[in-house]
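Top line first, the protein sequences correspond to chains C and R. Numbering-wise, numbering that gives the first Met the number 0 puts 372 at position 373 of the first sequence, and it's gapless, one number per residue. Numbering-wise, numbering that gives the first Met the number 0 puts 52 at position 53 of the second sequence, and it's gapless, one number per residue.
Since the hints were made in silico from the structure, they are not lab data. From the three backbone atoms N, C-alpha and C, an ideal C-beta is built for every residue, glycine too. Just so you know, not all the hints are guaranteed correct.
[Claimed, not checked] Computed far set for chain C versus chain R, every beta-carbon distance over 10 Å:
| # | residue |
| --- | --- |
| 1 | Ile39 |
| 2 | Gly56 |
| 3 | Thr102 |
| 4 | Gln114 |
| 5 | Gly253 |
| 6 | Arg257 |
| 7 | Lys278 |
| 8 | Glu335 |
[What the hints assert, rightly or not] The calculated lysine-lysine pairs, modelled on DSS-like cross-linking and capped at a C-alpha distance of 30 Å, are:
| # | chain 1 | residue 1 | chain 2 | residue 2 |
| --- | --- | --- | --- | --- |
| 9 | R | Lys20 | C | Lys45 |
| 10 | R | Lys451 | R | Lys359 |
| 11 | R | Lys82 | C | Lys96 |
| 12 | C | Lys568 | R | Lys82 |
| 13 | R | Lys293 | R | Lys77 |
| 14 | R | Lys439 | C | Lys559 |
| 15 | R | Lys291 | C | Lys513 |
| 16 | C | Lys185 | C | Lys197 |
| 17 | R | Lys458 | R | Lys439 |
| 18 | C | Lys96 | R | Lys365 |
| 19 | C | Lys526 | C | Lys513 |
| 20 | R | Lys410 | R | Lys359 |
| 21 | C | Lys96 | R | Lys458 |
| 22 | R | Lys291 | R | Lys335 |
| 23 | R | Lys365 | R | Lys291 |
| 24 | C | Lys527 | C | Lys513 |
| 25 | R | Lys293 | R | Lys82 |
| 26 | R | Lys447 | C | Lys559 |
| 27 | C | Lys20 | R | Lys82 |
| 28 | C | Lys3 | R | Lys94 |
| 29 | C | Lys96 | R | Lys291 |
| 30 | R | Lys458 | R | Lys335 |
| 31 | C | Lys185 | C | Lys152 |
| 32 | R | Lys3 | R | Lys82 |
| 33 | R | Lys12 | C | Lys45 |
| 34 | R | Lys359 | R | Lys447 |
| 35 | C | Lys129 | C | Lys45 |
| 36 | C | Lys123 | C | Lys96 |
| 37 | C | Lys3 | C | Lys278 |
| 38 | C | Lys278 | R | Lys291 |
| 39 | R | Lys365 | C | Lys559 |
| 40 | C | Lys569 | R | Lys439 |
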Amino acid sequence: MSEKGQIYRISGPVVTAIGIKAAMFDVVRVGNEGLMGEVIELHGDKCVIQVYEETSGIRPGEPVINTGETLSVALGPGLLTQIYDGIQRPLEALEEKMGVFITRGVDADGIVMDQKWEFNPTVKVGDSVKPGTVIGTVQETETIVHKIMVPPKKEGVVKDIKQGEFNVTETVCTLDDGTELQMMQKWPVRTPRPFLQKYAPDTPLITGQRILDFLFPLAKGGTSGIPGPFGSGKTVTQQQLAKWSDAQIVVYIGCGERGNEMTEVLSEFPHLIDPNTEKPLMNRTVMIANTSNMPVAAREASVYTGITIAEYFRDMGYDVALMADSTSRWAEAMREISSRLEEMPGEEGYPAYLSSRLAEFYERAGRVETLSGDDGSVTVIGAVSPPGGDISEPVSQGTLRIVKVFWGLDAGLARQRHFPSINWLNSYSLYPASLDQWYRDNVAQDFPDIRTEISSLLQVESELQEIVQLVGSDALPIDQQLTLEVARMIREYFLQQNAFHDVDTFSALEQQYKMALAILTFQSEAKKAIAAGAALEDVVNVESRTNLMRARFESGYLEKIDGLVDSMKKEINSAVEAEK
Amino acid sequence: MTEKEYRTITDVKGPLVFLNKTEPVSFGEIVSLRLSDGSTKNGQVLDTSDEMVVVQVFEGTAGVDLDTGIRFMGDVFKLPVSKDLVGRILTGAGKPRDGGPDIVAEHNADIIGAAINPYSRRSPEEFIQTGISAIDSCTSLVRGQKLPIFSASGLPHNDIALQIARQAKLKDSDEDFVVVFCAMGITAEEYNFFRYDLERTGALENAVLFVNLADDPAVERLITPRLALTAAEYLAFEHDYHVLVIYTDMTNYCESLRQIGAAREEVPGRRGYPGYMYTDLAMLYERAGIVKGKEGSITQFPILTMPGDDITHPIPDLSGYITEGQIVISRELHQKGIYPPINVLPSLSRLMNAGIGPSKTREDHKSVSDQLYAAYAQGRELRGLVAIVGEDALNERDLQMLKFADLFENKFLRQSKDEDRTIEGTLDLAWELLSSINTKYLVRLDQKWIDKYHPTEKK
């Protein structure tokens, strides 16, 4: 047994090698071309390898070399604004090396090794440092300061610390025991990075999407699943979150999705401006694009690559949001590899360990006390693509058992061009209880009550609609007709939001609150007016209400909204006067 | 190339041949089988190890016995490519079918095809005018897109595909597409229909046909689209052609995939289709696009027939997750005698917004398309209500919407098989029909477009 063995068998992406000494998850180089692979099973003297590149043309007898390392990502300055494939090869570097088509046997470093970064130390000689201690900073992009941390398992007293321009492999700090620290560290993707403890989430992730922030909020450090059939707007929702959520770092994983869609993201993001920092959004973004026709094994790894990068930024004390689009493709990659391994299948051919893998992945989210005592979080938002839109399938069910927020996309709503087509009746969030205090302190004391009122109106509407379908709306009493009208206002004016409209695409929390309040004001004013004898039609058709709703497409809406509500009140009152 | 011939077959099962005691054979290698009657068949290595090699035989295993000689050709499956491909008709395995000579290769291209680096793609945004109003207005196609036709048995999807092949062009350009036509498991009758039509219109000179018919081996069907796409990539990315790939019928392809999967005793996924069908389909569909530094483009029109008209069946379902939208053919419209019976409501083009608007089509396109969609959707919904309560119960607005739905189907959707409408013509027609509705109900139209384009209210 040695570091070098030979190929015994090849079946698609699964290769069996003999005569090689390997441990589970070791990275190996397969064949004469040195294709990258990972050990996933050991049987006596045989070891089974999943290969991240196309295997045709490889034959038994070719060499297999063990690198002795597990699948790891390079972590350090230079991660942000990058676009990687599933195993952290920068796509731009791949293009330089092999042109527009991705061929095989080409390696590229995850971060540029010779780029110089200005390193500013934050510790001095004689300071004792432990894992996670920030020893210096690098201004990585205009908006993000990259903190250089002592890697896990290393500690001591600083003997030498440098300042100035260095590349990521030059030593910037030496400890008393001779340990040399560089700006780059490596971390195995399948192992969660350590932290001190997990906190309960207490701050919402503000997304600027009304239905999400207001009705089904997600906490920083929380988990959410978005299942939906094709064409229901999963990707648009994910992209909206990547664009507008108030996380400091965004990791976007395009896992087994369309090439042209990734291109759209790649060409659009550099031009988008972050509303919080007024700088390009790309400055805070790392993208991983392993499209559906790229090798499945790399697709399987892409999710781990992404979450490891997210955890690394979390360890610096940042709030990180990770979007995985789509986890179903990841699960399918697992299924494909599992079936090549001839494992006993679970439901629908997925491996029996599907739900535990999903759980392990989502469990890497959370708000934590980092090793250096900072507060950082990773929020995970996973899209799910259930076949035929039927969420009784294993991936949806496995996801729903773990995540705390469920944004259920609805094909019916999408067909009516109601976007975002999130169904308000079956979606849920388990976070309001822990977030309500935050809303009270930061938006308005009665925020939770307003939310309850809005959602109960929608609930009542769905019950009334059942009657309306039988007897028509005219047969309902006036107050119920008004309820229907108010609910329609909630749906069309509040829940619908145009992702492609410059202004409407992002709605600040305060504005959301005021819009909700305006709807409830209309309801109460209309009730009063009707009680005083005004006709429902006159109240509903007041022009200022239409103006109130239409103005959401204009910039500066937040400032105008109070005035618009006032004129609506006046007009409704004058309808009463006219009646008298 | 090894000249050694093995006679070590141990098992034959379905399209698969198992043999042992070979020298090392590479994965994906092409295999030649010599039968005892002297005929030959081709296959490919699916699984290889020191002890056992599994070969999938493209032409089926009829006549293969344990004495069949097997030679390994030392290379993976390649298609000889050259510009001479244009104008040719080939079999599903890439051999001449039109009686012409073999293709003299400029080079041999691996048919599996490498993935396009997402970073190297360009965003598709050049509007293709198909001359069919339903498509141009509401599900606009752009160069580099993959837009399948979801049809069902007995519907005129072939006519629509041919009409698109004939008429598709960039707006204000006469530049033609090269059509790569890939037939998988279609009947000889259907094939003749396509061929005669292409001959009749002269399009054949600008087309490459790969033909696998219903009685050709199912396993060959798995390579036919790969050959077609390899030819398309060669023409598009080496010779700057704009290529339109039409494949019909994807359902037959998926059936073959299931058949081979079953023969290999793989664990089946939903409805018996293999679990890797998504990846397999993506390997075909994702070979559409436009890339940096190359002039040419590949636009795909896969046709698939939904078993039992069921859009949630795995074949349309998985396709829909990969393609950039879909054009849905409706049995109901077909039965009303409307051609092309395209139901715009479930149809969708994800890349439409990038390809329409000022300087691309016309400034009012988006608005008009939204309004058409909304009005038609309402009109159709009202039909159900009218069936219960009668037209008298409707108010003025609803009546206008109801009437509009009929107008839309009869005047807008309906066009003849050789009617080639310009996008301006399509939009003007839309305005004419929309003017039957009172302007105050046309809430999706911007006032400025009403002022400019409304037939009776423009200023």
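Hint check results:
1. In this structure Ile39(C) is separated from chain R by more than 10 Å, as the shortest Cβ-Cβ distance comes to about 17 Å.
2. Non-interface call for Gly56(C) relative to chain R: violated, since the shortest CB-CB distance, roughly 5 Å, does not exceed 10 Å.
3. Once the 10 Å rule is applied to beta carbons, Thr102(C) is inconsistent with being away from chain R; the minimum gap is 5 Å.
4. Under the 10 Å C-beta cut-off, the non-interface status given to Gln114(C) relative to chain R holds; the minimum distance is some 19 Å.
5. With 10 Å as the threshold on Cβ separation, the claim that Gly253(C) sits away from chain R is violated: the shortest Cβ distance comes to roughly 8 Å.
6. Not every CB of chain R is more than 10 Å from the CB of Arg257(C) (nearest about 6 Å), against its label as outside the interface.
7. At the 10 Å boundary, the C-beta of Lys278(C) stays outside the reach of chain R, the nearest C-beta of that chain being 22 Å off.
8. Its closest Cβ contact with chain R, about 5 Å, brings Glu335(C) to no more than 10 Å, contrary to its assignment away from the interface.
9. Between Lys20(R) and Lys45(C) the CA atoms are separated by roughly 20 Å; this keeps the pair inside 30 Å, and the hint holds.
10. With a CA separation close to 18 Å, the supplied pair Lys451(R) and Lys359(R) stays within the 30 Å bound.
11. A C-alpha spacing of about 28 Å is found between Lys82(R) and Lys96(C), which places the hinted pair at or below 30 Å, so the restraint holds.
12. Taking the CA atoms of Lys568(C) and Lys82(R), the gap is near 73 Å; set against the 30 Å cutoff, the hint is violated.
13. Only pairs whose Cα atoms come within 30 Å are accepted, and Lys293(R) paired with Lys77(R) is accepted, the gap being roughly 23 Å.
14. Between Lys439(R) and Lys559(C) the CA atoms are separated by roughly 26 Å; this keeps the pair inside 30 Å, and the hint holds.
15. Simply put, Lys291(R) and Lys513(C) have alpha-carbon atoms about 47 Å apart, too far for the 30 Å limit, and the pair is violated.
16. The suggested pairing of Lys185(C) with Lys197(C) holds, with an alpha-carbon distance near 23 Å, which does not exceed 30 Å.
17. Taken as a hint, the Lys458(R) and Lys439(R) pair is honoured in the structure, with Cα atoms around 16 Å apart against an allowance of 30 Å.
18. Between Lys96(C) and Lys365(R) the CA atoms are separated by roughly 41 Å; this puts the pair beyond 30 Å, and the hint is violated.
19. Simply put, Lys526(C) and Lys513(C) have alpha-carbon atoms about 20 Å apart, close enough for the 30 Å limit, and the pair holds.
20. With a C-alpha separation of about 25 Å, the suggested pair Lys410(R) and Lys359(R) falls inside the 30 Å cut-off, and the hint holds.
21. Taking the CA atoms of Lys96(C) and Lys458(R), the gap is near 58 Å; set against the 30 Å cutoff, the hint is violated.
22. Pair hint Lys291(R) plus Lys335(R) does not hold up; C-alpha atoms about 46 Å apart against a cutoff of 30 Å.
23. With a C-alpha separation of about 28 Å, the suggested pair Lys365(R) and Lys291(R) falls inside the 30 Å cut-off, and the hint holds.
24. Note on Lys527(C) and Lys513(C): the hinted pairing holds, with a Cα-Cα distance of about 21 Å set against a maximum of 30 Å.
25. With a C-alpha separation of about 17 Å, the suggested pairing of Lys293(R) with Lys82(R) holds against the 30 Å cut-off.
26. Pair hint Lys447(R) plus Lys559(C) holds up; C-alpha atoms about 24 Å apart against a cutoff of 30 Å.
27. Proposed proximity of Lys20(C) and Lys82(R) is contradicted: the alpha carbons are some 51 Å apart, above 30 Å.
28. As the CA atoms of Lys3(C) and Lys94(R) are separated by approximately 43 Å, the hinted pair breaks the 30 Å bound.
29. Proposed proximity of Lys96(C) and Lys291(R) is supported: the alpha carbons are some 15 Å apart, at most 30 Å.
30. With a C-alpha separation of about 38 Å, the suggested pair Lys458(R) and Lys335(R) falls outside the 30 Å cut-off, and the hint is violated.
31. The suggested pairing of Lys185(C) with Lys152(C) holds, with an alpha-carbon distance near 12 Å, which does not exceed 30 Å.
32. Taking the CA atoms of Lys3(R) and Lys82(R), the gap is about 34 Å. The hint is violated against a cut of 30 Å.
33. For the proposed pair Lys12(R) and Lys45(C), the alpha carbon gap of about 28 Å is at most 30 Å, so the pair holds.
34. Between the alpha carbons of Lys359(R) and Lys447(R) the distance comes to roughly 19 Å, so the proposed pair stays at or under 30 Å and holds.
35. For the given pair, Lys129(C) sits about 41 Å from Lys45(C) by alpha-carbon distance, which is inconsistent with the 30 Å threshold.
36. Restraint check for Lys123(C) and Lys96(C): not satisfied, since their Cα atoms lie roughly 42 Å apart, outside the 30 Å limit.
37. In summary, the hint linking Lys3(C) to Lys278(C) is not supported, as the alpha carbons are separated by about 50 Å, beyond the 30 Å threshold.
38. For the suggested pair Lys278(C) and Lys291(R), the alpha carbons sit about 27 Å apart, so the restraint of at most 30 Å is met.
39. Taking the CA atoms of Lys365(R) and Lys559(C), the gap is about 29 Å. The hint holds against a cut of 30 Å.
40. A C-alpha spacing of about 25 Å is found between Lys569(C) and Lys439(R), which places the hinted pair at or below 30 Å, so the restraint holds.
Hints 2, 3, 5, 6, 8, 12, 15, 18, 21, 22, 27, 28, 30, 32, 35, 36, 37 from the earlier list are contradicted by this structure; the remaining hints agree with it.
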